[in-house]
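Going left to right, the sequence shown walks through residues 44 to 378 as the working numbering numbers them.
Simulated from the structure, these hints should not be mistaken for lab results.
Fair warning: there could be bad hints in the mix.
Said to hold, decoys possible - Keeping only pairs whose Cα atoms sit at most 30 angstroms apart, straight-line, the calculated BS3-like set for lysine-lysine is:
(1) 147 - 162
(2) 125 - 303
(3) 111 - 303
(4) 253 - 319
(5) 111 - 221
(6) 111 - 147
(7) 147 - 350
(8) 271 - 350
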Amino acid sequence: AASYYVLYAELAASAEQQQQHQQQQGNKNEDGHDAWAEDDWTEERMGDARSTLAQNEALCDVASSSAKGSYLVRQYEENAGKNWDAFYSRHQTNFFKDRHYLHKTFPEEFGPLYRDSSKDEAIASDHDFTVMEIGCGVGNTVLPLLERGEEAVVSGERRRINVWGLDFASVAIDLLRKDERFVGASANGRAHAGVWDITLPPPPEYGIEKISDVSILLFCLSAISPEKMAEAARYAASTLKPGGMLVFRDYGRYDEAQMKLGTSRCKRLGDNFYAKSDGTRCYYFELDDLRRIFGEEGAGLEVVELKYLRRVYGNRSEDAERRRVWVQARFRRPA
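Make the full structure from the sequences, and use the hints.
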């Protein structure tokens, strides 16, 4: 399931090609008020952030907060599914915005799906182009893909676009299945959805192993207990065809949200792992975490791209700044 702070992440969506130009003059968000610029993190600033979290660890730590602290940590784990169902029951489809930026953020993977290829000469293929989002929520990523049309030309072949949406929360999947875009594509055999806890193997009845050209993990893995992430990464990687790509974006170390949680009473569940007010959880990644989890010694994928996105947002009306940090990556399953 997408993490609670992902609303802020939507503001960061922009073309990589635009970033160098906009870096010099700031960037306006959709509302025209907030502007962002690339944020330069020095070793001194990172050291200050580490010190702040360390100084507040005793105040923030759940396990040591009381005699029931360890019990509370276990409850967050045991109630993870209930908390995400409650989140979607409360917010329905109104919390997150549809993501229309995949072709800008990941142009090699999604660029062909967003261009008009109706007049292109291409070889007709019997093989679908399958996109699978793991942690899809109510479909804010997969539903816009269904709006792009039924076919795309990929590597000189005209292929039908086939979409899977998978999530831990059954309430989210029920809402996705009711969306008219999903209903129409599902009737044509192009859209599929199911409940899946990715810390466990894919349900055999789904038949989703080695079928995906591109699998998506956006603000999903951070909601999982760190000790279960390695298994989750292996199961996510198992959906990829040989040569398939996994694209990833999530929260980065010392993001503003982490600094708030890391200085609040009884929010820390473990190193860089926190509980939020709605009972859902969030981990804040370093690049080495992703290399270890998804790389050759983890899920066995090739690292194609691995970087931080560090940005400072200014709101002129409030005279305030927010400093956001994300990690972004692309991994390939060996052919």
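Status of the hints after comparison with the structure:
no.	hint	verdict
1	147 - 162	23 angstroms, holds
2	125 - 303	25 angstroms, holds
3	111 - 303	24 angstroms, holds
4	253 - 319	35 angstroms, violated
5	111 - 221	41 angstroms, violated
6	111 - 147	47 angstroms, violated
7	147 - 350	16 angstroms, holds
8	271 - 350	23 angstroms, holds
Checked against the numbered hints given earlier, this structure breaks hints 4, 5 and 6; the rest are met.
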